[in-house]
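Engineer: Numbering-wise, the working numbering puts 132 at position 132 of the sequence shown, and it's gapless, one number per residue.
Simulated from the structure, these hints should not be mistaken for lab results. Glycine included, every Cβ here is placed at the ideal spot set by N, Cα and C. Accuracy of the hints is not assured; some may be wrong.
[To be verified] Just the calculated beta-carbon pair ranges, DEER-fashion: (1) Gly225 / Asp33: 49 to 59 Å; (2) Arg103 / Met60: 13 to 23 Å; (3) Asp83 / Phe287: 35 to 45 Å; (4) Gly32 / Arg70: 19 to 29 Å; (5) Gly95 / Glu163: 34 to 44 Å; (6) Gly225 / Glu54: 33 to 43 Å; (7) Asp33 / His85: 15 to 25 Å; (8) Glu257 / Glu44: 37 to 47 Å.
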Amino acid sequence: GGATTAPVAQDPAPPPFSARTADPLVGTFSDGDVTLEVQTVSGEYVAEIHSGGETYQIEMGAATTGLAGRFMSGGFAYDFTADLHGDVMILTTGGTTYRLQRRGDPFGTPTDATSPGSGAPELLAVGPHASLRRDDAVAFIEALEFVLSQLGYPYRFDGAEREEAIELLAQAFPHASHHDQLVLADARTIWERVQVGWSAASEREQREFALGVLILAFGEETVRGWVGATGSGGGATLGGGAGCSTFEECTSRFVDERTWTDTFNSQGCWAAAGCDSYDGSTGSFTFSDDY
1 GGATTAPVAQ
11 DPAPPPFSAR
21 TADPLVGTFS
31 DGDVTLEVQT
41 VSGEYVAEIH
51 SGGETYQIEM
61 GAATTGLAGR
71 FMSGGFAYDF
81 TADLHGDVMI
91 LTTGGTTYRL
101 QRRGDPFGTP
111 TDATSPGSGA
121 PELLAVGPHA
131 SLRRDDAVAF
141 IEALEFVLSQ
151 LGYPYRFDGA
161 EREEAIELLA
171 QAFPHASHHD
181 QLVLADARTI
191 WERVQVGWSA
201 ASEREQREFA
211 LGVLILAFGE
221 ETVRGWVGAT
231 GSGGGATLGG
241 GAGCSTFEEC
251 TSRFVDERTW
261 TDTFNSQGCW
271 AAAGCDSYDG
281 STGSFTFSDD
291 Y
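Model the full assembly from the supplied sequences, consistent with the hints where possible.
Structural biologist: Following this line, the structure appears as structure tokens:
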């Protein structure tokens, strides 16, 4: 049968952002060449610098006024400060000062980056290795719904549950592993490629992807606890049509100890997405041209 509660919303929802006020530091500031994008997630600032076609993830630091932090470029760390004067953000880094004019809403209203329909660039979170945008978070939730359906546990997030799941992803993202950040940051591309190639993917490739999505959603230790004992089966085909009532029952039907070991590169380069390889030195995936 179907589920009655959201699978990734087991804990109480975080407090609503009902007390939001306009924050003048939030917004997009640019001089046409350098752009600073600032949002808040759960009361914390997250930011990116865009310049010369490159995006630099910012590690925010303490500041008595304005913003301060550092970003990486060419293997070197650069400190920066940013102070707001009216609608002009004075950004200083590497001995150079930039005057960045506010773009869009002159009052910096909202909004938390997790709020839908804000018209903001939808930057949800920034980690040491990548940034998470709303569309990629939504794509991951779509992939999770698909995997649950394939397991025989169909579930659709309603609007409130989806927003809570997005908030939870945003909170967890800065603390995720290097590889998990890269996967989530590219979730829309990966998910679209999986949809195109799913029917042609082998059972092993499908199992690998399903495990990877479950592990990203619930954590390796939790999913590991759902795996069936060796010889218990674990060979059910995804999308076979049979229903199940618990995550443990669903998962153990298509993966046991042996198949878990065989496919536990599931958080690696997903073949079901047409991924050929992952280069840790550049933090990039190589995809085949078959999709």
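Engineer: For every hint, state whether the structure bears it out.
Structural biologist: Going down the list of hints, with the structure as the test:
Restraint check, Gly225 to Asp33: a C-beta distance of roughly 51 Å satisfies the suggested window 49 to 59 Å. Separated by about 21 Å at the C-beta atoms, Arg103 and Met60 satisfy the suggested range of 13 to 23 Å. The supplied range of 35 to 45 Å is met by Asp83 and Phe287, whose beta-carbon atoms lie about 42 Å from each other. For Gly32 and Arg70, the hinted distance range of 19 to 29 Å is satisfied, since their beta carbons lie about 24 Å from each other.
For Gly95 and Glu163, the Cβ-Cβ distance of about 42 Å falls inside the hinted range of 34 to 44 Å, so the restraint holds. Taking the beta carbon of each, Gly225 and Glu54 are about 42 Å apart, inside 33 to 43 Å as hinted. Distance hint check for Asp33 and His85: the Cβ-Cβ separation is about 19 Å, which falls inside the suggested range of 15 to 25 Å. One distance hint, 37 to 47 Å for the beta-carbon pair Glu257 and Glu44, holds here, with the actual separation near 41 Å.
Violated hints for the displayed structure: none, as all numbered hints are satisfied.
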